[in-house]
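**Student:** Sequence:
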Amino acid sequence: MVKAPAGHTVKIADTFAEMFPLWAGRVLITADNEKWALTAAEVATGFATSVIMAPAEAGIEGLVPKEKTPDGRVGALIQIYNRSRFELKTQMMLRIGQCIMTCPTTAAFDALPSAKRKMKVGRSL
3 MVKAPAGHTV
13 KIADTFAEMF
23 PLWAGRVLIT
33 ADNEKWALTA
43 AEVATGFATS
53 VIMAPAEAGI
63 EGLVPKEKTP
73 DGRVGALIQI
83 YNRSRFELKT
93 QMMLRIGQCI
103 MTCPTTAAFD
113 ALPSAKRKMK
123 VGRSL
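The opening position of the sequence shown corresponds to residue 3 in the working numbering, with each subsequent residue numbered one higher.
Hints listed in this document are in silico derivations from the structure and should not be mistaken for laboratory results.
We treat Cβ as the ideally placed atom computed from N, Cα and C, and that holds for glycine.
Hints may be right or wrong, so weigh each one.
[Claimed, not checked] Label-pair distances were calculated between CB atoms; the ranges are: (1) Ala26 - Gly48: 24 to 30 Å; (2) Arg119 - Glu63: 18 to 24 Å; (3) Val45 - Lys70: 20 to 26 Å; (4) Thr11 - Met95: 42 to 48 Å; (5) Lys13 - Pro115: 40 to 46 Å; (6) Lys5 - Phe49: 35 to 41 Å; (7) Met21 - Thr107: 33 to 39 Å; (8) Gly9 - Leu127: 47 to 53 Å.
Using the sequences provided together with the hints, build the complete structure.
**Tutor:** Laid out in structure tokens, this is it:
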């Protein structure tokens, strides 16, 4: 039993969890307004529920205020994962090229600037 900060008690069943070694990509999407940033983020992370059967696993990390983006516009951070770095690059190219760059007013930025390995996705679009 675990007591949540709000005072509710939650019963946690100690069963199992699955974990896979994955390659990660992180993209900052900016746009003229929150609507377009989130639209691009939602479309780019679609059909990415699990690496078990989907071509990637992806999700929206959160919103970024315009004061913290490279172009001074509101942004949304997304993460994309895959078991293969080559397939991750393909998925990032497809999702950035077909889902983000086709959404009005958007731009995409590398949100893992200190990564040990770079996929050079932008050059491949």
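**Student:** Now tell me if each hint is right for this structure.
**Tutor:** Consistency of the hints with the structure:
At roughly 18 Å, the beta carbons of Ala26 and Gly48 sit outside the given window of 24 to 30 Å. The hinted range of 18 to 24 Å is satisfied by Arg119 and Glu63, whose Cβ atoms lie roughly 20 Å apart. Take Val45 and Lys70: their Cβ atoms lie about 23 Å apart, and the range 20 to 26 Å holds. Hint check: Thr11 to Met95, Cβ distance near 47 Å, so the stated range 42 to 48 Å holds.
At roughly 42 Å, the beta carbons of Lys13 and Pro115 sit within the given window of 40 to 46 Å. Checked against the given bound of 35 to 41 Å, the beta carbons of Lys5 and Phe49, roughly 37 Å apart, stay inside it. Taking 33 to 39 Å as the suggested C-beta distance range, the pair Met21 and Thr107 conforms, at roughly 38 Å. About 50 Å separates the C-beta atoms of Gly9 and Leu127, a value consistent with the hinted range of 47 to 53 Å.
In this structure, the one hint that does not hold is number 1.
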